[in-house]
Amino acid sequence: MANITVYSTPTCPWCKKVKMFLDTNKVAYKDLNVASDVAARKEMVKKSGQMGVPVLDIDGHIVIGYDEPKLKELLKI
Amino acid sequence: MYDLIIIGGGPAGLTAAVYAARKLIKTLLISQDLGGQVNETLRIENYMGYQFVEGPELIEKFNKQVTQYPLEQKVGSKVSSVSRLDCHFEVKTESGETFQSKAVILATGKRSRSLNVPGEAEYRGKGVSYCAICDAPVFTGMKVAVIGGGNSALEASYDLIKMAEHVYIVSLTPLTGDPITINRIKDARNLTILLEHQVEKIEGDKFVEAVHIKNIKTGERKRLEVAGIFVEIGLVPNSEPVKEIAALNQWGEVKVSTTCETGVPGLFAAGDVTDTPEKQIVIAAGEGAKAALQADRYIRNLGG
Ligand SMILES: Cc1cc2nc3c(=O)[nH]c(=O)nc-3n(C[C@H](O)[C@H](O)[C@H](O)COP(=O)(O)OP(=O)(O)OC[C@H]3O[C@@H](n4cnc5c(N)ncnc54)[C@H](O)[C@@H]3O)c2cc1C
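Protein chains in written order, with my numbering: chain C, 2 to 78; chain D, 68 to 371.
Since the hints were made in silico from the structure, they are not lab data. Treat each hint with caution, since some may be false.
[Unchecked claim] For lysine to aspartate or glutamate, the following DMTMM-like pairs were computed, each having C-alpha atoms within a straight-line distance of at most 20 Å: (1) C:27 with D:272; (2) C:71 with C:60; (3) C:20 with C:68; (4) C:48 with D:272; (5) D:145 with C:60; (6) C:20 with D:100.
[Unchecked claim] Taking beta-carbon pairs under 7 Å as the criterion, some of the chain C residues facing chain D (in silico): (7) 3; (8) 6; (9) 12; (10) 13; (11) 14; (12) 17; (13) 18; (14) 21; (15) 40; (16) 51; (17) 52; (18) 54.
We put the CB at the ideal spot given by N, CA and C, even for glycine.
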């Protein structure tokens, strides 16, 4: 099983879409809310060089935004 | 050769797909993504049948309804041009594929307008954002600029004044948003409103550090130190693929008749990309249905 972290905000539709995709494919993940979790926010910006959500960390591979082809490739779906 | 190619997978295109499939016409749906602008909202309260539904959820339902029919879909492809040859159409994608059909429905909707200034593309996601509801919290405690003066700019500012250190609204025109929205923000202590200012460039290092603006009346230039720039300057229609063959209005929307005809026989258009008044999901869906029924009639009249 891949180790997956989703950095998201509760009001972000694309984050919802990413989580729906993972749920539909029965992939487990850790969801960090960067709106309230300051440490997670800093970690996300540092890891990804991005100031926007969603960001995913899949075993060290960073995926920016809702990128379905990339997710399928990394998760071998 | 397909009977019909539907371009666009938003409410208009997906509804057209269901109607076309039920008419048993050989159809191909080509779209960059599934859902279009509906993916950009978590609060829909005016689509019939749902008191409340989130955009991604509504689109999943739409897509389930589409995929119960045997219909070809190419999602992830961008159409670059539609041309009319003799009695059929040729649809080209950016990746170089071509498809032919007897009729076409253009349902490509709208996209956020960009500023078209140096630094904008480079710093996209690195301080430049087109989704305030998504990214606002990432800028907690920082200085930000919101570009635009309409409702979406004012709503973004309303969210941002609660978390940012300072918010600048930079607008080319006086504020055009609803007075009630203006009243909600205008007394905020961490807000500066700069009217009749134009954005000239965005600069930074790894992330955005400043935006350069110019007063269009006096010519005076300013540099605002900000970490975030929220671009909220409206939408533009994705009518580029048909701009050589169909008539567009002054905003670039495809002109259509009440039956979704464009004036080019066999080319129909539906939803936000057209000059049909009011841009709403229920309207785009209704127009998509109408376009598919008209296209079916057109294809049957061709015979063969
Ligand atoms: C933030 C926000 C909130 C909104 N809230 C509401 C609301 O609460 N209620 C409501 O009714 N409406 C709402 N709307 C408006 C509504 O989303 C639109 O009216 C509706 O989505 C229009 O549908 P459409 O199918 O015409 O176009 P779109 O939804 O724009 O879909 C266009 C489709 O075409 C595709 N496409 C574009 N160009 C190409 C190309 N060259 N090649 C291939 N594919 C292409 C896109 O990928 C997309 O799939 C909202 C819009 C926004 C932005």
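Do the hints match the structure? See the list:
1. C:27 with D:272: Violated, at about 40 Å.
2. C:71 with C:60: With Cα atoms ~13 Å apart, residue 71 of chain C and residue 60 of chain C stay inside 20 Å; holds.
3. C:20 with C:68: Roughly 12 Å between the alpha carbons, so the hint for residue 20 of chain C and residue 68 of chain C holds.
4. C:48 with D:272: Status holds; Cα separation ~17 Å.
5. D:145 with C:60: Violated, because 31 Å separates the two Cα atoms, which is more than 20 Å.
6. C:20 with D:100: holds (17 Å)
7. 3: violated (22 Å)
8. 6: violated (16 Å)
9. 12: holds (5 Å)
10. 13: Hint holds; residue 13 of chain C Cβ to chain D Cβ min 4 Å, cut 7 Å.
11. 14: holds (5 Å)
12. 17: Status holds, d = 5 Å.
13. 18: Cβ of residue 18 of chain C sits 4 Å from chain D, so the hint holds.
14. 21: The hint holds - residue 21 of chain C has a Cβ within 7 Å of chain D, the shortest such distance being about 6 Å.
15. 40: violated (13 Å)
16. 51: holds (5 Å)
17. 52: holds (5 Å)
18. 54: holds (5 Å)
Checked against the numbered hints given earlier, this structure breaks hints 1, 5, 7, 8, 15; the rest are met.
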